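Keeping their order, the protein sequence lines are chains D and G. With the first letter of the first sequence counted as 1, position 58 gets the number 58 in this note's numbering; the numbers rise by one all the way through. With the first letter of the second sequence counted as 1, position 126 gets the number 126 in this note's numbering; the numbers rise by one all the way through.
Quick caveat, the hints were computed from the structure, so don't treat them as lab data. Hints are all accurate, no fakes.
A few chain D residues that face chain G, going by a derived Cβ cut-off under 7 Å, partial list only:
1. V38
2. M45
3. K51
4. L52
5. D53
6. E55
Label pairs and their in silico Cβ distance ranges:
7. D:V93 with G:K28: 49 to 55 Å
8. D:E105 with G:Q148: 45 to 51 Å
9. D:K82 with G:D53: 51 to 57 Å
10. D:Q34 with G:A19: 26 to 32 Å
11. D:S47 with G:V111: 19 to 25 Å
12. D:T90 with G:R27: 45 to 51 Å
13. D:K89 with G:G119: 41 to 47 Å
14. G:V129 with D:D21: 24 to 30 Å
15. G:K49 with D:K89: 56 to 62 Å
16. G:P40 with D:T90: 49 to 55 Å
17. D:D77 with G:K144: 39 to 45 Å
18. D:D77 with G:D131: 19 to 25 Å
19. G:A19 with D:K89: 36 to 42 Å
20. G:D131 with D:D92: 32 to 38 Å
Because the structure is a prediction, the values reported are computed rather than measured. We treat Cβ as the ideally placed atom computed from N, Cα and C, and that holds for glycine.
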Amino acid sequence: MKKLLLLIFMAASFGLNAQIDAISKYFDKYMDDQDFTVVYVSPKMFSLVSKLDIEDMDEEAKMLLKEIKGLRILTTDKDPMKYYNEAMKTFDVSEYESLMTVRDEGENVNILIKSSSEDTIEELLLLVGGDEFVMLSFLGNIDIDRISKLAEGMDVKGAQHLEKLNKE
Amino acid sequence: MRLLIILLFISSQAISQSATLDSLVHRKNMGSEDVHIKVPGWLLRFGLKLASDDNEAARKMKTLRKGLGKAEIVVLENRGIGSNIVRQIHHDFVCDGYEDYVHIREGSQFVNILLKEDGDMIRNLLITVNDGDEEFVAVKLKTKLSHQALAAVINENN
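Excised from the complex, chain G in its bound form:
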């Protein structure tokens, strides 16, 4: 029984990530300039709250701040991550329930936004930016943002 629970836990962890991204950020593959950090939701909200004390724009983001959860940031430098690898990463996330929302390419920069929604709630957000083969950035955020909260953020900032 214990083994079954462990196996279920391991499999649920495996499908919640992109296998391609996981292998890129594996300790063995990380370069000296690469960054892979996980920020707990409470720390992110606390940091943004501190920033908002003397920043008007951050203060207006109060509604957004409340909806933020755990964040994972990956920055990979000069790893030759081309469009095929980025496409594979997106495919992994799409298999995990994310949906493509926006793609923008301008010159060597390619920005992608993928979201995972649950009813009228945005649960996960993934933003990837790659600049040719030189730099790849991925920001994965757990969120609890309702459409109303998102509209409030937009209205507050207009």
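Chain D with its partners taken away, still in its complex shape:
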């Protein structure tokens, strides 16, 4: 029984690693492409900022910084639907739980998550296709109620949809 549980755990963690690898490979593919805006913030940066005693930062934001293990943003306004469709095909979307899908005036927004428990998100993937392609990926152990905090101050198309999540 123990062996079986161990095998299931290994298979599950291998699946997650493979998917994270797929995301980082996708980002790396466009890292040098001047048509794309690329942002990568490492887990070390989040860890450093979370340790700083910044007066203006509320407790909720500090907790969130401790929970996030990495952020990647990829955007382009050149042929956005092509990249949106490519991303949807590249990632095994079936491995994610769809948290929100919006189709409005030619814009597609997909918020996909992988949860480690009912209240915690291990990975969040936001894909936007319309007049701009946006791909945003968060890794960590993020409390689902704090997700809306992520959207605050984030000037990324589609991020405003994250604000609605904990209210639903």
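With the hints as your guide, set chain G onto chain D.
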């Protein structure tokens, strides 16, 4: 024994630098528009102190100024330094204990920040900026910045 000490000294110098960056700033390879300067920590702090006398923003950076050490600045113009070379430079620094903190690309500009920490102290900072193949800038700083000092700088400037 003397030879052993010299060899140890040479090897420690070699690993503290990026071999790729070293070769780019080698005298033979430097162009007329290229810049490579090393500024001692005391001179940097003194210069910033002078600037702070009539500059409010610089005055607020007092805590930060105290934590600054030796700086090395490299500006290379039209040397065709592409992303592969920049990646190799980063790899050299990562091998030397630096860690990737932030990468940002917008258009042709690519900014990278790497840090070397020792406990709760930031010991080294490397910022590289390359603009296509046209311009490459690297700023390497020795620092003695604790997390508390960094938070104080942020709080003072908020």
